[in-house]
Amino acid sequence: MALLLIAEHTQNTLTPGTLATLTAAQSFSMPIHMVLFGKDCQKVAEKARSFKNVKKVLKVENPLLEHMVAEVATPTLMELAKDYDYILASSSTYGKNLLPRLAALLNVAQISDVVEIQGKDIFLRPIYAGNALAMVKSEDAIKILTIRATAFEKALPDLSKAAIETYAFKPPMGAVSTFVKMEESRSERPELTAASTVVSGGRGFQSKEKFALLEELADVLGAAIGASRAAVDAGFVPNDFQVGQTGKIVAPDLYIAIGISGAIQHLAGMKDSKVIVAINKDPEAPIFQVADYGLVGDLFVLLPELITKAKEILRRNKEKQ
Amino acid sequence: MKVLVTIKRVIDYSVKVRVKRDGSGIDFSGVKMSLNPFDEIAVEEAIRQKEKGKASEIVVVSIGEKDCQETLRAALALGADRAIHVKTSLETQPLGVAKVLKVLVEREKPELVILGKQAIDDDCNQTGQMLSALLNWPQGTFVSKLEVMKDKIRVVREVDGGLETLDMPLPAIVTTDLRLNEPRYATLPNIMKAKQKPLEEISAISLNVDLTPHLKTLHVKEPPKRKAGVKVKTVDELLDKLQKEAKVF
Ligand SMILES: Cc1cc2nc3c(=O)[nH]c(=O)nc-3n(C[C@H](O)[C@H](O)[C@H](O)COP(=O)(O)OP(=O)(O)OC[C@H]3O[C@@H](n4cnc5c(N)ncnc54)[C@H](O)[C@@H]3O)c2cc1C
Numbered sequence: 013m014a015l016l017l018i019a020e021h022t023q024n025t026l027t028p029g030t031l032a033t034l035t036a037a038q039s040f041s042m043p044i045h046m047v048l049f050g051k052d053c054q055k056v057a058e059k060a061r062s063f064k065n066v067k068k069v070l071k072v073e074n075p076l077l078e079h080m081v082a083e084v085a086t087p088t089l090m091e092l093a094k095d096y097d098y099i100l101a102s103s104s105t106y107g108k109n110l111l112p113r114l115a116a117l118l119n120v121a122q123i124s125d126v127v128e129i130q131g132k133d134i135f136l137r138p139i140y141a142g143n144a145l146a147m148v149k150s151e152d153a154i155k156i157l158t159i160r161a162t163a164f165e166k167a168l169p170d171l172s173k174a175a176i177e178t179y180a181f182k183p184p185m186g187a188v189s190t191f192v193k194m195e196e197s198r199s200e201r202p203e204l205t206a207a208s209t210v211v212s213g214g215r216g217f218q219s220k221e222k223f224a225l226l227e228e229l230a231d232v233l234g235a236a237i238g239a240s241r242a243a244v245d246a247g248f249v250p251n252d253f254q255v256g257q258t259g260k261i262v263a264p265d266l267y268i269a270i271g272i273s274g275a276i277q278h279l280a281g282m283k284d285s286k287v288i289v290a291i292n293k294d295p296e297a298p299i300f301q302v303a304d305y306g307l308v309g310d311l312f313v314l315l316p317e318l319i320t321k322a323k324e325i326l327r328r329n330k331e332k333q
Numbered sequence: 006m007k008v009l010v011t012i013k014r015v016i017d018y019s020v021k022v023r024v025k026r027d028g029s030g031i032d033f034s035g036v037k038m039s040l041n042p043f044d045e046i047a048v049e050e051a052i053r054q055k056e057k058g059k060a061s062e063i064v065v066v067s068i069g070e071k072d073c074q075e076t077l078r079a080a081l082a083l084g085a086d087r088a089i090h091v092k093t094s095l096e097t098q099p100l101g102v103a104k105v106l107k108v109l110v111e112r113e114k115p116e117l118v119i120l121g122k123q124a125i126d127d128d129c130n131q132t133g134q135m136l137s138a139l140l141n142w143p144q145g146t147f148v149s150k151l152e153v154m155k156d157k158i159r160v161v162r163e164v165d166g167g168l169e170t171l172d173m174p175l176p177a178i179v180t181t182d183l184r185l186n187e188p189r190y191a192t193l194p195n196i197m198k199a200k201q202k203p204l205e206e207i208s209a210i211s212l213n214v215d216l217t218p219h220l221k222t223l224h225v226k227e228p229p230k231r232k233a234g235v236k237v238k239t240v241d242e243l244l245d246k247l248q249k250e251a252k253v254f
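Here the protein sequences come in this chain order: Y and P. In my numbering, each residue's number is its place in the first sequence (first place is 1) plus 12. In my numbering, each residue's number is its place in the second sequence (first place is 1) plus 5.
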């Protein structure tokens, strides 16, 4: 019995989602083989080798793999897949794009967004935007799972040194997509899904210019910035800031929702946060039903005050140390 | 270019779903059903391509019980030309659906298949990718921009790190994301006209596809409820609580 983990990485490091997937993988108590796709994976392979239960790191290297195109990686993965009982990846856009292809070609189901592993073939997963949790049993010999990163701790490295091997790239047959370009939304801030504090803004901000106010708060708190769909649709922030059922799932220690009404689809992405704060001028806004602390009022008045006072507190805390 | 669009009938996105008391599933009684929002975006995209002169015919397909036909009519009212209902009483899961779609694609020979990136009931986000793999066609998932060029399409994908552009030879599979377009509303005359448009019913059995679910749902429960919080009156009070109670500061 062995488990294959398809690791998403940045050439240098494994993504936080992959580290959470590793924790999920470790709970099966079986040897884990990690496969890394890319142009050059040596650096990240050096890091990937030092985790509990990881027995082998497989590098699949080819210039064609510099940017992951699902069709291009599929034949190699199919070669590999035959030898495993479990195949896991993070439920990121990377994993979601790739794993269902394997499942279809292996004629097995995929279990998406697993939040709990309850047995060797029984898993818990959210449905209906997280308004229900389904306990499902897989009837297949090979289990293919995508793992919801917020449901598992990020694995910490240990002193082990698994073997690093090269695995041959198998080129695709037939027509495939070609990568043209990537417009990265660069940011100096923490990554949204890994940040311990997230400040999120919604339609209440009215414009892109005024949304900048939220950046000030993020700077003070060292937070990542999130947004509702309405804020993304209105162009206040890029697409990958969207939190929710169909955006990113976050569960930080502190989530501050400002000018966000709290639609089911938004709540789906943040309701597992440890502490939730909401600022909204409508006392009936549904966001208050999940908020630990709700502040009713005009964000354009309250936010500047919050920024000034939070700055002051943090300055004083620093002096005390 | 012929376009095939897939349709799923789901509980309307605005409904707060209820779990049945015995934990056997979701309570569907008296609940409003609608066209899955991502499929609506898929239909809209096909219509826009037709209006631009890029698409010739739009065929919509749904797999499920008889009442799927109502949802197919909704898609016809938006502007699709023809509908196919593959009838089954089995629970539809992505793998089985992808297999049915493969058979239909081989029969209908579209050059482009547009699917929603996920259905808002099971939130699986699998079917498009599975169909692409089974057909060995290129896939563009989570698409927020689609441009039909001479013998290829160019798509922009919403991925975790930003926006990725791909060129895809045809025939191809595309799955829609929210920002691809804003679907129109069906007008009353179009709703009337839709009643006359062709809707073919096929039994899933006649397609010789194995639709047996591979996943068995043992139990459905509600997620743990968050305990009700408090309203604070001032920013000072908020900061005080965040420091002393929540200790996140
Ligand atoms: C298929 C589908 C998927 C979706 N996926 C997502 C998703 O992943 N994520 C997501 O977020 N949404 C998603 N949505 C959209 C969701 O249903 C809501 O429309 C959206 O979350 C609303 O965003 P909002 O709260 O910013 O805007 P609104 O609902 O318009 O709320 C704005 C809020 O700001 C408050 N406000 C206004 N002015 C001020 C002020 N001066 N001071 C204080 N408060 C103010 C208002 O009281 C209001 O509560 C999805 C919808 C569909 C159909």
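For the record, the hints were derived by calculation from the structure and aren't laboratory data. Where hints are given, some of them may not hold.
Unchecked claim - Cross-link-like lysine-lysine pairs, in silico, DSBU-like; alpha carbons within 30 Å at most:
1. P:K92 to Y:K222
2. Y:K149 to P:K107
3. P:K71 to P:K92
4. Y:K193 to P:K246
5. Y:K193 to Y:K55
6. P:K7 to P:K246
As the list claims (entries may be wrong) - Restraint-style ranges between C-beta atoms, simulated for each label pair:
7. Y:K173 to P:Y18: 31 to 39 Å
8. P:K21 to Y:R215: 52 to 60 Å
9. Y:E221 to P:Y18: 26 to 34 Å
Keep in mind it's a predicted model, so treat the numbers as computed, not measured. For each residue, glycine too, the CB sits at the ideal point set by N, CA and C.
Failing hints, ascending? 1, 4, 6, 7 and 8
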